[in-house]
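**Student:** Work out the full structure, taking the sequences as your base and the hints as a guide.
Line by line, the protein sequences are chains A and B.
Be aware that the first sequence starts at 29, since it is given in the working numbering, and climbs by one per residue.
Be aware that the second sequence starts at 29, since it is given in the working numbering, and climbs by one per residue.
The set of hints was computed from the structure by calculation and includes no laboratory data.
Values in this document were obtained by computation on a predicted structure and should not be read as measured data.
Don't take every hint at face value.
Chain copies aren't distinguished; within one or between two, either way the pair holds.
[Said to hold, decoys possible] Calculated lysine-lysine pairs in the DSBU-like style (CA-CA distance at most 35 angstroms, straight line): (1) K341 with K171; (2) K112 with K304; (3) K166 with K285; (4) K285 with K304; (5) K159 with K304; (6) K304 with K266; (7) K341 with K193; (8) K112 with K244; (9) K342 with K112; (10) K112 with K166; (11) K193 with K342; (12) K319 with K171; (13) K341 with K112; (14) K112 with K261; (15) K261 with K285; (16) K261 with K246; (17) K112 with K319; (18) K35 with K193; (19) K193 with K319.
Number of protein chains: 2
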Amino acid sequence: MGKVVHKVAALAGGVGGAKLVLGLDAVLGANLSTIVNTGDDMRWFGLQICPDLDSVLYALAGLTDPARGWGVADESWEALAALKRLNAPTWFQLGDRDLATHLERTRLLESGLTLSQATAELAGRWSVASKVLPMSDKPCPTKVQTENGWLSFQEYFVREACRPKVLGLRYRRGALPGAAAMAALQAADLVVICPSNPWLSIAPILALKGVEQVLKQKPVIAVSPLIAGQAVKGPAAKIAGELGFGATQAAIIHYYKPFLDALVYDHTDPERIAPKVQTGIIVRQQQTLMKTRQDKIALAEAVLELGAELLAKKK
Amino acid sequence: MGKVVHKVAALAGGVGGAKLVLGLDAVLGANLSTIVNTGDDMRWFGLQICPDLDSVLYALAGLTDPARGWGVADESWEALAALKRLNAPTWFQLGDRDLATHLERTRLLESGLTLSQATAELAGRWSVASKVLPMSDKPCPTKVQTENGWLSFQEYFVREACRPKVLGLRYRRGALPGAAAMAALQAADLVVICPSNPWLSIAPILALKGVEQVLKQKPVIAVSPLIAGQAVKGPAAKIAGELGFGATQAAIIHYYKPFLDALVYDHTDPERIAPKVQTGIIVRQQQTLMKTRQDKIALAEAVLELGAELLAKKK
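**Tutor:** This is the structure in structure tokens:
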């Protein structure tokens, strides 16, 4: 396998995606480039906050809080408590350690670095072996149209806790991807779409100028974020229903169809995908629920083996 | 006294000045407007940091750490420790609670408020009775020329701990004062220059367009920050020596002479001011060392009594 799959580009959102990224990073090291959604980013208290980049970086730096599954371990909340006393808005959870990341990123950006460069700098300080690349160096905010009006992503996701019904999503379609992200995508032998929310986390990457075109030229494996119609975490199933896609593996195949070569979904999922949906797409069932580090590495290895098969077939 | 002195404008820098401001606030409440130096302000990690405004606000809000004399009581340093682990610059002490103030100020400024409006908002949330007004709504950074080159104020004051010899100081001369600060100055019956560093904290206010002209039309009392040739805190005596002013009460009278009516200095100070220096200026010795809240109120009352005398004389 290692002889065939040299360079992998992974597309990832936050927590769910970051689990597989950790497995891929453990197997591939510097041969992995992860292109991370920045549609969730927001400017908050003057700071540049990149929740998905942080989820991936914290996972790879070994800093993720094991209990919460997001944010930094051994977190404290002193600044947030002081903001609360000051009647400042505190619906976005800013831990003191997490805050340090936002502060330093903002300082690096204000010193003139691009988001790609600032992210590389942070990754380097945390001795992350693989490359972590924001999908774009420009702001590409995803907007969520709900029954209560348009919301920014974090307003929908955190402040409203995904409660309002989603009527539509607006990505920054046609915006320029980051130069480093695009180069990594073009250099990849295999593209892995991590088990992130397709509509919230992956779609903003796909909406960037030229990304789908490159994906059409590459073997692409998606790992489904759904298990038996439910998301492991987050609102993927709820949104799939509200937007009329349906929370099924068939719906995910349909959504990624223009460039998809294979879908991996959980071995416990009873869904059997109709041959007409599956046409030309390889389907594999594996354990996609990742609880331990070993689960993450095992799934990464299974995905890379499937990738080697795809590459061998094309030759 | 209360019948004569209605409205007082105080000019203040940081910690030393804030002590007298606390006393004046306790006596005068809403009839006090404090115009605070913003020459020490800096943008740091993307946040707008206003150390002197914070010293005054924390004092009036009853938040000041009693042991350190600056910053917030019950402070914790989790974010700073995380910044240290991240190899970010940490010479400027950012406590978690203090950070919340910088975050909220920055948020208010980014929402479109002026610094005067943002300061009024913070003061209101802390139920501060008197008015706290930044000297200007525009950045007016004080630059310090040292034997090691030009430094920003905080680089000199905190990073270099005032060690380099000062060769000169550059204020943003002629910049516009804040509209609220100027209105408060014009409306004042009496101006009190708090025991702040004349060259670092008061001079930047005096350098603003029109401020000295208004002071010349008002009774002005300065409270000296020096006791027997030494500053209670900070580099006032060192700088007075390095710049050739001399760390004496006579030097302070000389510096403020164009608009000064009276100088109050400590009752333990052995300096006797020569009549030719004193010409036209009333000199009073009082306890100016303020350790307790009662000391602060007592000094404020003594200053206001002297103010009443000055006003009675002019009538």
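**Student:** Check K35 against K193 for me: Cα-Cα at most 35 angstroms, and say if that holds within a copy, between copies, both or neither.
**Tutor:** neither (40 angstroms within a copy, 56 angstroms between copies)
**Student:** Classify it for me, K159 with K304: is the Cα-Cα distance of at most 35 angstroms met within a copy, between copies, both or neither?
**Tutor:** Classified as neither: same-chain Cα gap 37 angstroms, cross-chain 73 angstroms, threshold 35 angstroms.
**Student:** At most 35 angstroms between CA atoms: does that hold for K341 and K193 within a copy, between copies, both, or neither?
**Tutor:** Classified as neither: same-chain Cα gap 43 angstroms, cross-chain 73 angstroms, threshold 35 angstroms.
**Student:** Pop the pair K193 and K342 into one bin, within, between, both or neither, using alpha-carbon distances up to 35 angstroms.
**Tutor:** Result: close neither inside a copy nor across copies, 43 angstroms intra and 72 angstroms inter.
**Student:** Check K193 against K319 for me: Cα-Cα at most 35 angstroms, and say if that holds within a copy, between copies, both or neither.
**Tutor:** Within one copy only: 30 angstroms inside a chain, 59 angstroms across chains, cut-off 35 angstroms.
**Student:** Are the CA atoms of K112 and K244 at most 35 angstroms apart within a copy, between copies, both, or neither?
**Tutor:** neither (49 angstroms within a copy, 44 angstroms between copies)
**Student:** From the Cα coordinates, with 35 angstroms as the cut-off, is the pair K319 and K171 best called within, between, both, or neither?
**Tutor:** within (31 angstroms within a copy, 55 angstroms between copies)
**Student:** If the cutoff is 35 angstroms on CA atoms, where do K166 and K285 land: within, between, both or neither? Let me know, please.
**Tutor:** within (27 angstroms within a copy, 55 angstroms between copies)
**Student:** Indicate which option fits the pair K261, K246 if close means a Cα-Cα distance not exceeding 35 angstroms: within, between, both or neither.
**Tutor:** within (29 angstroms within a copy, 67 angstroms between copies)
**Student:** Treating 35 angstroms as the Cα threshold, decide for K341 and K171: within, between, both or neither.
**Tutor:** This pair counts as neither: shortest intra-copy Cα distance 40 angstroms, inter-copy 67 angstroms.
**Student:** Using 35 angstroms as the alpha carbon limit, work out where K112 and K319 are close: within a copy, between copies, both or neither.
**Tutor:** This pair counts as both: shortest intra-copy Cα distance 34 angstroms, inter-copy 31 angstroms.
**Student:** How do K285 and K304 come out at 35 angstroms by Cα distance, when the copy is not named: within, between, both, or neither?
**Tutor:** Close inside one copy (12 angstroms), not across copies (93 angstroms); limit 35 angstroms.
Hints 1, 2, 5, 7, 8, 9, 11, 13 and 18, counting from the list given before, are not met by this structure.
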